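S.K.: What follows is each chain in one-letter form.
2 protein chains.
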Amino acid sequence: MRFRSYLEGDEAVLRFTPSPEYTGGVPGHVYGGLLASLLDCHGAAAASGFAHRARGREVGDGGEPLRFVTGTLTVVYRRPTPMGVELTVRGRLDSISGRKVVVALELSAEGEVCVTGEMVAIQIPPEL
Amino acid sequence: MRFRSYLEGDEAVLRFTPSPEYTGGVPGHVYGGLLASLLDCHGAAAASGFAHRARGREVGDGGEPLRFVTGTLTVVYRRPTPMGVELTVRGRLDSISGRKVVVALELSAEGEVCVTGEMVAIQIPPEL
Numbered sequence: 008m009r010f011r012s013y014l015e016g017d018e019a020v021l022r023f024t025p026s027p028e029y030t031g032g033v034p035g036h037v038y039g040g041l042l043a044s045l046l047d048c049h050g051a052a053a054a055s056g057f058a059h060r061a062r063g064r065e066v067g068d069g070g071e072p073l074r075f076v077t078g079t080l081t082v083v084y085r086r087p088t089p090m091g092v093e094l095t096v097r098g099r100l101d102s103i104s105g106r107k108v109v110v111a112l113e114l115s116a117e118g119e120v121c122v123t124g125e126m127v128a129i130q131i132p133p134e135l
Numbered sequence: 008m009r010f011r012s013y014l015e016g017d018e019a020v021l022r023f024t025p026s027p028e029y030t031g032g033v034p035g036h037v038y039g040g041l042l043a044s045l046l047d048c049h050g051a052a053a054a055s056g057f058a059h060r061a062r063g064r065e066v067g068d069g070g071e072p073l074r075f076v077t078g079t080l081t082v083v084y085r086r087p088t089p090m091g092v093e094l095t096v097r098g099r100l101d102s103i104s105g106r107k108v109v110v111a112l113e114l115s116a117e118g119e120v121c122v123t124g125e126m127v128a129i130q131i132p133p134e135l
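Chains V and L, in that order, give the protein sequences.
First residue of the first sequence: 8, per my numbering; consecutive thereafter.
First residue of the second sequence: 8, per my numbering; consecutive thereafter.
Where hints are given, some of them may not hold.
Stated by the list, open to error - In the SDA-like style, the derived pairs of lysine to any residue whose C-alpha atoms are separated by at most 20 Å in a straight line are:
#  : chain 1 : residue 1 : chain 2 : residue 2
1  : L       : Lys107    : L       : Tyr38
2  : V       : Lys107    : L       : Val76
3  : L       : Lys107    : L       : Cys121
4  : V       : Lys107    : V       : Pro87
5  : L       : Lys107    : V       : Lys107
6  : L       : Lys107    : V       : Pro87
7  : L       : Lys107    : L       : Arg86
8  : L       : Lys107    : V       : Val66
9  : V       : Lys107    : L       : Val33
10 : L       : Lys107    : V       : Leu73
11 : V       : Lys107    : V       : Leu73
12 : L       : Lys107    : V       : Arg86
13 : L       : Lys107    : L       : Glu71
14 : L       : Lys107    : L       : Val76
15 : V       : Lys107    : L       : Arg86
16 : L       : Lys107    : L       : His59
17 : V       : Lys107    : L       : Arg85
18 : V       : Lys107    : V       : Val66
19 : V       : Lys107    : L       : Pro87
20 : L       : Lys107    : L       : Leu73
21 : V       : Lys107    : L       : Val83
22 : L       : Lys107    : V       : Arg85
Read the hints as simulated data drawn from the structure, not as lab findings.
All values reported here derive from a predicted model rather than from experimental measurement.
For reference, chain V alone in the conformation it holds in the complex (with noise of 0.2 Å):
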């Protein structure tokens, strides 16, 4: 999977659509796994984005990068996703404190919220 996430103004956004492997036990339904992979991801970039621009900084400025990894992800699978249309997933930031930033996610498809969650990111040193 390649894709990138967006800082659009409060909110980061990443946009995908599903190639046609990864239905799951349903089909015409997206695997669970995959929307949860895209949380992860997307949480993970959003915490990113937020931590920069808290700092005053952008995402690829030249200076040391602030990475993440995700502490706990919550997913909560609200509806079926259908396959074979754009999925956009949205995150704003609930909180920054120290290492940790809390993001709220959305994933929704044709305009209905499929997936909703939250991931708690930590920031990790530079020299990992």
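Add chain L to chain V, keeping to what the hints say.
M.R.: Relative to the frame of chain V, chain L by itself:
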């Protein structure tokens, strides 16, 4: 990914060695999305196994299978998960209540617990 989950005593167990492309942001460590996917797949399989057992049945006994989807998955990354070794995911039944089965999950590598989690799985009607 292809793997099977098995009931062993009170636990549902999955053993899996990720192929090398499933590394993530941190070199030498398994990608968090793959770990979430393993807990997702195994949690749903474990829920089915426990539900069959609770009715005195076995998975694949020729009766109508009891199938589950993920309601909520929580994944806590406790330490980096090393690449190149077999991972073991264990699920224990927390509760069964109507269509809802709660499974406690634990992923370990080389005897150390790397990831813990919880799945709330929901039984789906047989016609889906």
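S.K.: Tell me the numbers of any earlier hints that the structure contravenes, in ascending order.
M.R.: 1, 2, 3, 4, 5, 7, 8, 10
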